[in-house]
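Asker: Protein chains in written order, with the numbering used here: chain H, 1 to 708; chain P, 1 to 708.
Among the hints, erroneous ones may be present.
Any copy, or any two copies together, can satisfy a pair, since identical chains are not distinguished.
Keeping only pairs whose Cα atoms sit at most 25 Å apart, straight-line, the calculated DMTMM-like set for lysine to aspartate or glutamate is [stated by the list, open to error]:
1. K540 to D490
2. K643 to E590
3. K461 to D150
4. K76 to D516
5. K247 to D375
6. K540 to E672
7. K370 to E34
8. K398 to D62
9. K370 to D486
10. K253 to E212
11. K253 to E294
12. K348 to D78
13. K398 to E48
14. K76 to E119
To be clear, the hints were calculated from the coordinates, so they are not data collected in a lab.
There are 2 protein chains.
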Amino acid sequence: MNDVATLHALRPLGLDALFRPRSVAVIGASRSRENIGGQIFHNIVSQEFRGPVYPINPHAIDVQSVPAYASLGDVKGDVDLAVIAVPRAHVMSAIEDCGRKGVSCAIVITAGFGEVGAEGRAAQDALRQRALALGVRIVGPNCLGVLNTDDSVHLHANFAQAWPLAGNISFCSQSGALGLAVLDFARDLGLGLRHFVSIGNKADVSTNDLLEYWEHDDGTNVILLYVESFGNPRRFLEIARRVSRKKPILALKSGRTEAGARAASSHTGALAGTDAAASALLAQAGVVRATTLEELFDAARLLSTQPAASGRGVGILTNAGGPAIIAADALAARGLVVPALAESTRKKLRAVLVPEASVANPVDMVAGAKMTDYDAALPSVLADPSIDAALVVLVPTKAASPEELAPTLARAQSSGKPIAACVLGECDARARAAIEDARVPLYAFPESAAAAFAIAAEYAKLRARPEEVEMEIASAPSPRTSFVGDRWLDPQEVASLLASFAIPVAASEVVRSPGDAGHAAARIGFPVALKLVSSTITHKTDVGGVALNLATADEVRDAYASLERRIEAQGRRAEMEGALVQRMAARGIELFVGMTRDPQFGPLVAFGVGGTYVELFGDVVFRVAPLTVTDADEMIDGIRARKLLDGFRGAPAADRLAIRNVLLAIGRLAVEAPEIAEIDVNPLVAFAPEHGVLAVDARVRVTSTRKS
Amino acid sequence: MNDVATLHALRPLGLDALFRPRSVAVIGASRSRENIGGQIFHNIVSQEFRGPVYPINPHAIDVQSVPAYASLGDVKGDVDLAVIAVPRAHVMSAIEDCGRKGVSCAIVITAGFGEVGAEGRAAQDALRQRALALGVRIVGPNCLGVLNTDDSVHLHANFAQAWPLAGNISFCSQSGALGLAVLDFARDLGLGLRHFVSIGNKADVSTNDLLEYWEHDDGTNVILLYVESFGNPRRFLEIARRVSRKKPILALKSGRTEAGARAASSHTGALAGTDAAASALLAQAGVVRATTLEELFDAARLLSTQPAASGRGVGILTNAGGPAIIAADALAARGLVVPALAESTRKKLRAVLVPEASVANPVDMVAGAKMTDYDAALPSVLADPSIDAALVVLVPTKAASPEELAPTLARAQSSGKPIAACVLGECDARARAAIEDARVPLYAFPESAAAAFAIAAEYAKLRARPEEVEMEIASAPSPRTSFVGDRWLDPQEVASLLASFAIPVAASEVVRSPGDAGHAAARIGFPVALKLVSSTITHKTDVGGVALNLATADEVRDAYASLERRIEAQGRRAEMEGALVQRMAARGIELFVGMTRDPQFGPLVAFGVGGTYVELFGDVVFRVAPLTVTDADEMIDGIRARKLLDGFRGAPAADRLAIRNVLLAIGRLAVEAPEIAEIDVNPLVAFAPEHGVLAVDARVRVTSTRKS
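Based on the sequences and whatever the hints tell you, model everything.
Answerer: Next comes the structure, spelled out in structure tokens:
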């Protein structure tokens, strides 16, 4: 190994160069801070980056008093990281310079690429390909830059003016403006940041790359994502699923993309939409989705400073009754529990508190409570076996001021249980800073603390999920060779397709006359149902196309004839291709399983209660296929009507294993048969445990145009 | 009229003395500010009450440098309002003094009354009665006091230390501590307060009294309530319903009282609970219920400063894409609309903005936008016909800083449409104050602004409700004389009770043998249903107690015999009192109407979809009886499954007028027949419009013990 090779071996590569650069060049560093390159250069220097920063500017002798370099090549030492803030026309040559100089990573601030139409997209593609060839990783283009509070780096390579509190939260934002805003008031929010990356157009470095980096970054304990779109949902799922088992990932996902050309007539399609897909993906990935920005930051502060709770019991300690009730309501509304304290705990509390104090939970020490009362009571509350976390609520009084709170909170942390504080009233900057220094998150409203605890509990639940297990469905060879064109499969095709994926289907025959109907029914066995067959009339009940409980061949013949007359009367006789004679299923629980394809996320499997209720209540759970066993189980447990599956009002419970198998099979089918655009199994009738399920009605649409 | 009478005629009485006192005495004014009486006296004096404040203290020559009076009688001039902060044992004699002196209103700060058990309650009752006899209105006891920023009064008669911004929001808090907290950070929150009243134990002056006062108080534009319990729900309903048509009333209702001895087996009971009753009452009263404290204050700031919107269309104007998407998501999630702007508006915007700007809605002027761009664009957005309100989102940049925002917002207010601002990032105190001075509410997060707009829209909807109309149900004389004891009525009693309130009931007969069953069915007409009659077995389907669609007398006889055998096999033969033979109803939509009595709120009527879904999805709407036509219509429109009533998937729509009549009748029945504890009509089958409804199954429980 020669010297140059040694040198290269020591140089940080790729994302290491982004997060641990030893030297930085700002290409386009300007004398004026009005200019973005000037502002970034100023930020890097004034925030004291722990290495040399080279201003590259062919038109200046010095930049903000630092001797300038006409080109990157003029720099004598190594450059690990470059920030590119030159006009769009010069970005490519700057990347060429980076390649020549051996720069491992370039942050391209410059805009005017993929976000501005076809020409910009072409320029961006060219840039990515060239950088890839040169071995230069790119962050951006069209981004705000990065920020790194790691004391050995201290890099302020972006154009925000504020420098946040250092901490263990790393944040990836797809919106530069949002990132700017967050950096701007991270200090007010008490958010301790480690890395911040504005990923812009994601030409190269993506959220996925950052997740993989932060997975092994010891200084990062909590990962925040602001996401508008997923570049590669499948890779995100794979990576985030792994990383979220090590560190909490919280996401705010916003924005809606076009749902694409989805058949308007489909149940699943109408209910799904891309946002449902995003929610499914995040849930499968173990990522907690916050509803609001405020909730995202509130939860991050709790997760980044406090240990994980081992359960949902929260103890409330306060000097104010009303706020304690509000806190208890908010916790309960979020699925947490405010359990009564053990008698032994109450006894300890009664020994130290005034007689008027309430020692149940909330523990209300009443308005005269001093900070010494908080000090005496908090350890007892935390020691209670039913308490997994504590919320300390203080209304400032003459007896107890927020200034005194920090030491009490600091001492109580030896319990190993998470604590949050809420000062409802004025809390000055010094008191606030002391509480932050004690590393206890402080909230202005009890409901905010409740939201943070709820998100932490959700993360704990996700983390405790069983390891993902591969499915074990045996699929028989399927008769799919005939699936061409854009059409609904006929009932016989549907039946054999489902059967080939081990989904039980009710016995049936397609017939085309009253007489045939009677004969078919006799072969199948009574009672039977008779259902219209039509590839154009999708909702058969709407046209009176279903007759149930037909007990004799005569009834079946009559039903066929009357069906024909009804369709005729509606002027749609040409659309009637015949009728399906089907064995009536035994009574069971009617469910719904569906599949559609999202243009961005791929196949989505849907599960809910069958019949019209799926639409009325929107009680549907989605997951992105392929499904793991955990996915399928979470779908089954995720519907609001799940009580129905447990044996509701004396009815038998449902065969969950059989339902799970159908979900897994539909997921597998979706992956293996890209020509299938859409599946609706409604109803799937579930019988008692060990009695299986039966697909009673199903529709399958195939397409030759979209295969994803 | 003699002089004394003239004088008395000019003196403010009752709540006028509370809110417009010309003179105040502090009974128990202490030299020390450590003492509550001392702190309140200090607050009144230092906040410059616009009249004399008399410190009453028999042990002091002066109080905080003001000459003291040994007793109230020693004061020469009139005293309109007294603040009583003496030990509990001396409160009664202080009230006697007030009576003698002609004081019209006393604020009793002292605690130790109704909140501390039976003895305290007795003392409080005695106090109330004596004060009533003396003509002295009482606020409290056990309260924090009042605060009044009216410039002609300027009364700081409470022990909070902060003095809030003056404004047009009046606030009544049932929790002193919460009130304290709110006063403490009202200034941070930007809440402009007019009156604040801590009502403590509500021995005399109640929320209802305050609502009636604020109804006619020109300085009060928005009323906030923090409510833990309702003293007189019926009076609250009557008053708030009237007042909320004039001014918005926003409430945070917290806490849960014991649901009382409600039969655990009842559907309605299990679903209702006192919180549902409180929600129903607030909705009927036109009061908007906030979910969190933060939402309460955020909405109050919008409603107190901005005009009402005439629709749900919100225009978003911003310099930042991500936050705009977050804002649009949040608005849509809250039921507001972010409509595309008219082409004429877009044209105007394109003429003034840079080409990269997006002029749809959100209007994203991109990061380089200057405040002159906001100034140019905002009036055009507001002028768009589909826009009813505007949300201005600013991420501070070098080009546009929050300091410049206030004049732009001020100018735009000439549109007469409501505006809110969100500065996402650092916004210093001066910029904040300037925006507050422009009377535009400022939010840190776009979601907070969305929540405020949503509450304002909800208020607008409540206010636009038709005037309450009395019901016009004719009720026949009811055969209720036999309703004694605690029991379930038998089917015949149920049928005649419902029929006497004009509720259509399916024809039926109770029978006690297979043979009788066959004969009864022949009289009624086929097909019939056969249903178990038992006063102890309440859920008949759970024991297999229902047979449907019996088409011949033989089938009916067989069904009776087999029902007997089934009940026998379950060892419950003694509980079978016979069976009901009932004409099968035609197909229709199965609904549920119920009534229970809440110990605090009285009769509650419930409405939802019938069958087991009412429980599975909790899709039930409650209202407190008696119902107005508006109440009934809002119940029908309030269920999530309401699409079912509009003709879902080709099924006929439901006869809404007939459903409304049943709801009104059940409400009237609840009021007229206090011996009826509980009603469950499930299913009530609704047919197509003009085809009415039919009560197919109903249970009615009577009780002799509780008549409310």
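Asker: Determine for every hint whether it applies to the structure shown.
Answerer: Here is how each hint holds up against the structure:
no. : hint         : result
1   : K540 to D490 : within (14 Å within a copy, 42 Å between copies)
2   : K643 to E590 : both (13 Å within a copy, 20 Å between copies)
3   : K461 to D150 : neither (31 Å within a copy, 53 Å between copies)
4   : K76 to D516  : neither (90 Å within a copy, 109 Å between copies)
5   : K247 to D375 : neither (32 Å within a copy, 45 Å between copies)
6   : K540 to E672 : neither (29 Å within a copy, 48 Å between copies)
7   : K370 to E34  : between (53 Å within a copy, 14 Å between copies)
8   : K398 to D62  : between (58 Å within a copy, 24 Å between copies)
9   : K370 to D486 : neither (75 Å within a copy, 52 Å between copies)
10  : K253 to E212 : within (19 Å within a copy, 46 Å between copies)
11  : K253 to E294 : both (13 Å within a copy, 23 Å between copies)
12  : K348 to D78  : neither (65 Å within a copy, 52 Å between copies)
13  : K398 to E48  : between (44 Å within a copy, 23 Å between copies)
14  : K76 to E119  : neither (36 Å within a copy, 89 Å between copies)
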